[in-house]
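Protein chains in written order, with my numbering: chain A, 1 to 326; chain B, 1001 to 1326; chain C, 2001 to 2382; chain D, 3001 to 3382.
Hints are computed from structural coordinates only; laboratory data are not their basis. Keep in mind that the hints are not guaranteed to be accurate.
[As the list claims (entries may be wrong)] Not the full set, but computed from the structure, chain C residues with beta-carbon under 8 Å of chain A:
id, residue
1, Gly2070
2, Gly2140
3, Pro2152
4, Lys2165
[Claimed, not checked] A few chain C residues that don't get close to chain B, going by computed Cβ distances all over 12 Å:
id, residue
5, Pro2014
6, Ile2065
7, Glu2172
8, Gly2181
9, Gly2236
10, Leu2314
11, Gly2315
12, Asn2318
13, Asp2330
14, Met2351
15, Tyr2362
16, Glu2369
Predicted model, so just to flag it, every value in this text is computed and none were measured. Note that beta-carbon positions come from the ideal geometry of N, C-alpha and C, so glycine has one too.
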Amino acid sequence: MPEMTLVQALRDALAVEMARDDRVVVFGEDVGRRGGVFTVTEGLQERFGEERVYDTPLDENGILGMAAGMALMGLRPVAEIQFVDFLWPGFDVVISDIAKERFRSGGQYGVPLVIRSPYGGGVKGGLYHSQSPEAIFAHIPGLKVVIPATPSEAKGLLISAIRDEDPVVFLEPKKIYFGIKEEVPEGEYTIPLGQARVVQEGSDVTIVSYGALLHEVLRANETLKQEGISAEILDLRTILPFDGPTLLESVAKTGRIVIVVEAPRILSVASELAAFVAERAVDYLDGPIVRVTGWDTPFPYALEPHYLPNVRRIVHGVRRALGLVP
Amino acid sequence: MPEMTLVQALRDALAVEMARDDRVVVFGEDVGRRGGVFTVTEGLQERFGEERVYDTPLDENGILGMAAGMALMGLRPVAEIQFVDFLWPGFDVVISDIAKERFRSGGQYGVPLVIRSPYGGGVKGGLYHSQSPEAIFAHIPGLKVVIPATPSEAKGLLISAIRDEDPVVFLEPKKIYFGIKEEVPEGEYTIPLGQARVVQEGSDVTIVSYGALLHEVLRANETLKQEGISAEILDLRTILPFDGPTLLESVAKTGRIVIVVEAPRILSVASELAAFVAERAVDYLDGPIVRVTGWDTPFPYALEPHYLPNVRRIVHGVRRALGLVP
Amino acid sequence: MQAPEHGTLTRPTPFTREPLRFLNEEGLPEGDRDPREVTGLSDAQLVDLYRAMVLSRKVDQMGWILVRQGRAGFYISIQGQEGAQVASLLALEPQDWVMPYYRTPPALHVRGATLVELFGQILGTNADPSKGRQMPAHFGSRKHRIFVLGSPVALGHVVAMGAAKALKYSRENAVVISYGGEGSTSEPHFHSAMNFAGVYRLPLIVFIFNNQYAISVPRAQQTASETLAEKARAYGFEGYYVDGSDPLAVYWVTRFVAERARTNHTPALIEALTYRLDPHSSADDDLKYRPREEVEAWKQRESLARMRRYLEHLGLWNEEKEQALHAEYDRAIEEAVEQAEQAGPPDLEEMFHEVYHTTPWYLQEEAREARRFAEEQEGSHA
Amino acid sequence: MQAPEHGTLTRPTPFTREPLRFLNEEGLPEGDRDPREVTGLSDAQLVDLYRAMVLSRKVDQMGWILVRQGRAGFYISIQGQEGAQVASLLALEPQDWVMPYYRTPPALHVRGATLVELFGQILGTNADPSKGRQMPAHFGSRKHRIFVLGSPVALGHVVAMGAAKALKYSRENAVVISYGGEGSTSEPHFHSAMNFAGVYRLPLIVFIFNNQYAISVPRAQQTASETLAEKARAYGFEGYYVDGSDPLAVYWVTRFVAERARTNHTPALIEALTYRLDPHSSADDDLKYRPREEVEAWKQRESLARMRRYLEHLGLWNEEKEQALHAEYDRAIEEAVEQAEQAGPPDLEEMFHEVYHTTPWYLQEEAREARRFAEEQEGSHA
Ligand SMILES: Cc1ncc(C[n+]2csc(CCOP(=O)(O)OP(=O)(O)O)c2C)c(N)n1
Ligand SMILES: Cc1ncc(C[n+]2csc(CCOP(=O)(O)OP(=O)(O)O)c2C)c(N)n1
Ligand SMILES: [Mg+2]
Ligand SMILES: [Mg+2]
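Model the full structure from these sequences, guided by the hints.
Printed below as a string of structure tokens:
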């Protein structure tokens, strides 16, 4: 199996699906000639032509409206939003149209489409090139929300997202676009949506994360191991609909849970998972449900190193869950 | 004190502030000549003139941009969005500009403004005249989110919101715009933002709610009383920044908590409060943290009576929290 | 409707200051062109056009009745726009797609939607192709190539643009027509739809009913542009300003731009000058913002009266035919309402279906929970 | 800059097909009008204008250097737009307000911002009036009536519209100018800003740098309208198409529309034809989408060269003065960078300040938590 970065794996996924299914069309700002500002779509226009891979005017609302309308007609649009921070001019299309199309039409219409967009911090991008707004999408019935954490995961999940009958917001952790390489299965390769991945089994505490932070969790795990703490690590992968059963199973085993996300804490995905566990598994719980998250502030520029959850904060969170610190 | 409906109390609050402070300007679709589609602004244009109360083109993005720019210059705009379901074309202004203005400018600028908008179900309004998206706003650092539950509360909170130095999303429970009358203090009357209201003290269980559903909770309380269950009922009032200390104090006393909101459950405000309690007060908890919410679907039309939390579901939720049912 | 040959229509003038029209306010032809020649409409087609307008009006009247009787929760009217609405729909081909707005539905029988379906939507029963999922005025039907609109004004325009892109991509010779009021031109969606349509040369017709008010806000406060049609310049294509109470002019312009769009993917904007004869909706009180006399004056100039007068002028219509038509439609509508109502309300489980293609685990749980509460409730009522 | 009397300028022609200009591509006056007469600029003012352009260029060059040295994390360039940027800023009065876009900052010394402040922003130190809260290219300063821009393209336009509404409400004789690239005209915010400005007659100038690319997307794929200035028609006011490499033409048009807006609240759109000489940003590789020759050709026609040539033609400038100016600015810039850097990074607590006017309880808790982790971290490094 070839080694790939996350960007390469995403490109590969797009190429595989475009070759297989000519309903798949890719567009967005600078995705054509330029190959995307992060090069995810590089080479695709040469290979598949300007009708299937093309640049758009600078208007996210137009991009998303175009995606919605194309999907309505049976195509499989994959729209890129250059940074998810810039999606909001088109948010009405997402929340009012895309998410509700199947329901409001009584199933007459559906909009199988993918909105791909880089998200998250770690690139010195300041307020508007760093945000993690997955919680907003995950509050909207009718959407699916997917975030991969590694190159092979990215490929398998993106192909599944393209094939899915429902609209998927596919957020890509730009921090690890290039930094991580791994072997990625060739050709068609899918990972089912809606299922969490057990990255490591463990018995003392469940740690749930996703995206770029999963790697920070894995680093923190080194410290935990040294301290003799056995963590069960879950990669959530699909944020909506999330894999409640796997989560409950894990907590039933460990009795402790720490949830690690980049977004501001209030109303983050960590909050939902915590609430879910507190509602369903309170009898298994031997400690507080701990959220390790970004702070409840806009994303800072100069102070970014102090914003994102890091090994120290994750380890501290685990100690709190275990009652080792107050 | 005069008796007022919620609509009358809101109108009174606007009139009081407009008379006191000529920086206060009111605008939105149909708020001028028509006096608002729910009549909240009726009579204000006659009284304060067309410069201070005026109609806008049909464009929420323009309305919110106008509000942001006016606030930036030291005015106190109160913008009406006709239904909060229609805010999204202007969401970029809210999330990217309004919420971040003070922070990104290092405090050089602020945008003290109020976005007033009816929200919530109970009026046979279907998918787009019924939604409760407060959780989306409450995930955004820099915003305040306020929801009143009675006429006098509406007046006191709206005046505080207008005077607040920060931007406030002020959501009005349209279901009870006209149905509830109560005595409302005359003239200037404020209720501090950020503080929950203890509607009723109790010892067995804490029930938190806000907006129109608070009244459903009060009705449920009649049943609970008959069953000998003593509920402490909190009206959250300010959704962001929410009153964590009062919440914790109550749960420390009762050991049980039920949170009742209209929005879909996943990533609702109920989730945040549950997570908050599960993180901070797990030692006090004698049962699961129960969320009674709308279902995780778009808002239905024909089936609306089965969507909103009602007395039966709230009572059931309390019984679950108390361990009386599984 | 049997179409005249493609590409045979003379070209209407874009960007006029006065609305294009054949019929004057009395319904009599003005100018030196015979509208039948210019539009290619036969006498039979003219009568069909009028019949469809009358049917739309009568469906609308029944809509109001259903609200007054408390059988429908809400209603929003087409009255004053029947001519432009019906004529523009008739100017399309079966392969074309329609993005309605909330005043369009009473005319959608033109696309083949049955009266039972239309009233099923208004009543929120199983007779609605969308299963009663939305408020009245939100009819859509895939088999008739009618999209399902949402309530946000103008949202349909930008989605219609995407549908037009798909048609072009798939090399289908079809257009998408997207309807809206003049208020919809203020929304961002209009801008995005127009700009993308211009850049990609899409077979999109944005059809604007300038009925002079957006609820209470008059046209002059909606935008400072001289005409709405004018706005097309900003996007590199043509806008047409047409008298919306003249169904023949509307037919001509729509048919022309639709044929052109099918042939060479040229988008177009149409502004049809009309007037809303009713309050904005069943929840509105229009006396608060417009004088009764203004409304009355417009009732004299509206499309039904004009078209009837024109047919009479041609000797194609008379009072007897009018009476017979009303009797026929009264019966049909009564029957349809009854059938639509009898289809009954959707099942409780319908709340949880089609949120997703495949219902996830928690929605299955919620469905069971909802069912349990509903049964308890019924139990306690018994 | 000392202003000529209000209302003395002759009116430029709106909606031209060719850009308005005085200077040809060699910097020599063309046509029969003396630009000094039309613009009212004195010889001293012409020299000031050029000096400000040179300073902007040199600030910009230092920006690139700071990125290359790893002292700044990112940079985005003004090069190719100095003439239009400086001239339009100089055409304003102190009471006017400026909504910059990300290419504007290197010219903001024209509004009185100090070099230390400008480099403080680039370096993210306490010398930034915004306390290092944003990426480079986001300079704003209230005391200079410069708004603080965000990164989303075009968002500034719609906020600037609101600011213009406030000026009109408060009866201040001032305008707001809002800058953006031609790409920004595609965004909904442009549409909303323009439409509201037209309806309410606001003292708003939307100033568009048509530098022919939005990152890699060429102008022709951005919109199908003939010119960008043309778009103003759709909103009921005038648009001006001007050669952005001719600072005198830009000064004239901007000054004219600003005076008019201050007097009678007439909004205006200005399209300045320019060319971006550098890659889009320090993160871009422009060779992927535009030929080197095209860039080189434009380097011959850009505003600095033209303006210098014109001054030389008037006998107001020579190589010696040029050298002296560069030496002067080199020193000033070096000093400013040093001072800006020495101001040091913001305190950790700054992350929690000014989220709200008064910091709520949980942010106070979070600030303490963050402090504790930071101290532990330092402890462990020690
Ligand atoms: C985005 C949005 N904002 C506000 C509304 C409320 N609303 C419904 S119809 C309407 C007026 C529409 O006017 P116009 O577009 O001229 O169409 P008309 O009703 O006159 O046919 C308004 C404000 C809405 N449905 N959607
Ligand atoms: C809403 C939004 N979408 C995308 C981006 C990413 N982006 C930054 S600059 C730019 C191109 C802007 O082009 P233009 O408006 O022509 O200005 P120029 O850079 O050419 O001066 C893009 C796409 C953004 N900042 N904001
Ligand atoms: Mg209208
Ligand atoms: Mg550009």
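Determine whether the non-interface label on Glu2172 (chain C) survives the test: each CB of chain B must be over 12 Å from its CB. holds, 30 Å
Is the Cβ of Glu2369 (chain C) more than 12 Å away from each Cβ in chain B? violated, 8 Å
Given as non-interface: Asn2318 (chain C), partner chain B, CB spacing beyond 12 Å: Holds, since 43 Å exceeds 12 Å.
Given as non-interface: Gly2315 (chain C), partner chain B, CB spacing beyond 12 Å: holds, 44 Å
Determine whether the non-interface label on Asp2330 (chain C) survives the test: each CB of chain B must be over 12 Å from its CB. holds, 27 Å
Is the Cβ of Tyr2362 (chain C) more than 12 Å away from each Cβ in chain B? violated, 6 Å
The output says Gly2181 (chain C) does not contact chain B. Does that hold with a beta carbon cutoff of 12 Å? violated, 8 Å
Assertion that Gly2236 (chain C) lies farther than 12 Å from chain B (Cβ): At roughly 22 Å from the nearest Cβ of chain B, Gly2236 (chain C) sits farther out than 12 Å, so the non-interface label holds.
Regarding the assertion that Leu2314 (chain C) does not contact chain B, is the least Cβ-Cβ distance greater than 12 Å? Non-interface label on Leu2314 (chain C) holds, nearest chain B Cβ at 40 Å vs cutoff 12 Å.
Are all beta-carbon distances from Met2351 (chain C) to chain B longer than 12 Å? violated, 5 Å
Given as non-interface: Ile2065 (chain C), partner chain B, CB spacing beyond 12 Å: holds, 18 Å
Restraint: Lys2165 (chain C) near chain A, CB-CB cut 8 Å. Satisfied or not? holds, 6 Å
The structure fails to meet hints 1, 8, 14, 15, 16 from the earlier list, while all remaining hints are met.
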